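Colleague: As a plain string of letters, each chain reads:
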Amino acid sequence: MHYLTSKEVQFLELKANQIRQSIIEMLVVAGSGHTAGPLGMADILTLLYFKVLQHDPKNPNWSERDRLILSNGHICPVFPIEELLTLRKFGSRLQGHPHRTALPGLETSSGPLGSGLSQAVGMALAERIDNPYSSKYIYCLTGDGELNEGQIWEAALQAGKEKLHNLIVIVDRNGIQIDGYTKDIMPLEPLAAKFEAFNFDVQEVDGHNIRAINDAIGKAQAVYSQPSLIIAHTIASKGVDVFERDFRWHGNPPGKGPEDRIPKDKQAAVALEKLRTLAGIIAKEDIS
Amino acid sequence: MLAPHLDKAFDTADMQKVPSRNGYGEGLVEAGKRDKNIVALAADLTESTRTLPFAEAFPDRFVQVGITEQNMASVASGMAAMGKVPFIASYAMFSPGRNWEQIRTTIAYNQSNVKIIGAHAGVSVGPDGATHQAIEDIALMRVVPNMVVIAPADVHEARKATLAAAKYDGPVYIRVGRSNTPVVTTAESPFEIGKAEVMYTKTADSDTSVGIVVTGTLLFNALKAAQALEAAGIGATVLHMPTIKPLDTKALLALAEKHTGLVTVEEHQRAGGLGGAVTEYLSEVSPIKIVRVGVDDQFGQSGEPEELIEHYGMGVDAIVAAAKKAI
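Respectively, the protein sequence lines represent chains A and B.
Per our numbering, residue 58 is the first one in the first sequence, and the count goes up by one each step.
Per our numbering, residue 252 is the first one in the second sequence, and the count goes up by one each step.
Everything labelled a hint here was simulated from the structure, so no lab data went into it.
Here are the simulated lysine-lysine pairs, DSS-like style, with alpha carbons at most 30 Å apart:
no.: 1; chain 1: A; residue 1: LYS218; chain 2: B; residue 2: LYS284
no.: 2; chain 1: A; residue 1: LYS193; chain 2: B; residue 2: LYS418
no.: 3; chain 1: A; residue 1: LYS341; chain 2: A; residue 2: LYS108
no.: 4; chain 1: B; residue 1: LYS284; chain 2: A; residue 2: LYS220
no.: 5; chain 1: A; residue 1: LYS220; chain 2: B; residue 2: LYS287
Being a predicted model, the structure only gives us computed values, none of them experimental.
Next comes chain A alone, as it looks inside the complex (with noise of 0.2 Å):
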């Protein structure tokens, strides 16, 4: 488990501001895509990307890499990469939803929602054979929402049976899928003794405070009997309170977005200054 600092926490806090920014600026750009989810998970996808994966962004087939498996596809524009502003056009490598024979440092193509966990589980199988004491762990992000697939519960029932230790799934737990709340449209709770009850080891946290995360999966890292399954409970397009945990910035950009709140052409540009007032008070926190 690697141990933060108050510094490399303040960095990747403004690591992830950063990244909301661009996200803003690359759905506006593509004029269509997901802004809750992409927002939601920023700080998670920082931590993991900076501080916890085993992985060399010039060598992305370096074979000793972790694997990161985005099930829920659809956040993509989360990921801190170059040509963003192609996102969503014609001949761009990025995709609407993630395609891995396009873009170097992508698992798996991914969009239809419930298949990534049966592919981290296989992923996670195929390391043991070769290797019963890897160190390599198989990370899964999956949304809340796409836990209404059955294939979800297969793969879990798989990951029970097997044990695999080597298996991290977090969920993205921001309450939210197109249609509306998840609790109204297939509630999900008991959500974390579904998971225990398929035999996964399950932590709850909140999905903004990196430490949190960092500990948590620490903590999942070291349990040797089971998967690990870390409920990230995340605020919907947080880091702009004016979007935040409203249902309908699900899948549209900003300038497409409900307007009862802010005007359509004010959108983006509503977004960019709230995350850079944000920014600034990150910068200033005395982290002595």
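With chain A held as given, fit chain B onto it using these hints.
Modeller: Structure of chain B alone, referenced to chain A:
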């Protein structure tokens, strides 16, 4: 004239009848011995899909996924991403029937090196009835980019197709049957992915002649139909096409140029399978009359394999009648 490499016991009392799925079982163990990266997955149908010999020979490389066909397809994709060569087997009705989208997205779109075995394909499943008789699977797999589609003629060809799939880098679908079907080819008969083979060469000197294109275990019926046509003075050639995709267009074009009309024969819906593939291709490059033999937009039912083949119009007489219509 029958191709010289075919089994000499053809249509005699000595002719063997064996399920083509047995060839998968044999080929998988052989491939497993050659390549330690080969793994096999089964969804509670280990014995009947003939995955069991592999599971017993290589228990550490066998994954039992229970009755989770959708999960099985994506688990295999994940294993392939780590360098494994997974073979997944279930009944064709459930894989690729139930898990088509997982195959499309997590296997084909990823260009995953996964081999999909659809066992119990066709109405010849028999007594289990329509729910278990996959007669749409060729169509389902043929339209998916990157996917190779193979329907072996018998146990020998199923073994060779399994070995070839193990060596081929990319997704492959192989359909095999449940019931005992004639062993027509031999261990020496040629097999190559993407290559069609003339199994009966026309000898009758007639004004009009028919080319019969066949895939899968109906090869025997197609050969018998050719013999009957030739006995009636109608020249007939049988082009066996175990690989439906990629289509051997060169062989098809040659066949079309030398015959008055064509017949396609498959244990599948008349729509979307081999007949569809042949018609699509030839209509663009060399239009010719084509009559498609197969199930005519219906579901199957319970019965004995041979009576079902007859009932749904895929018996020898039906192929002969179709040939006469084609010329």
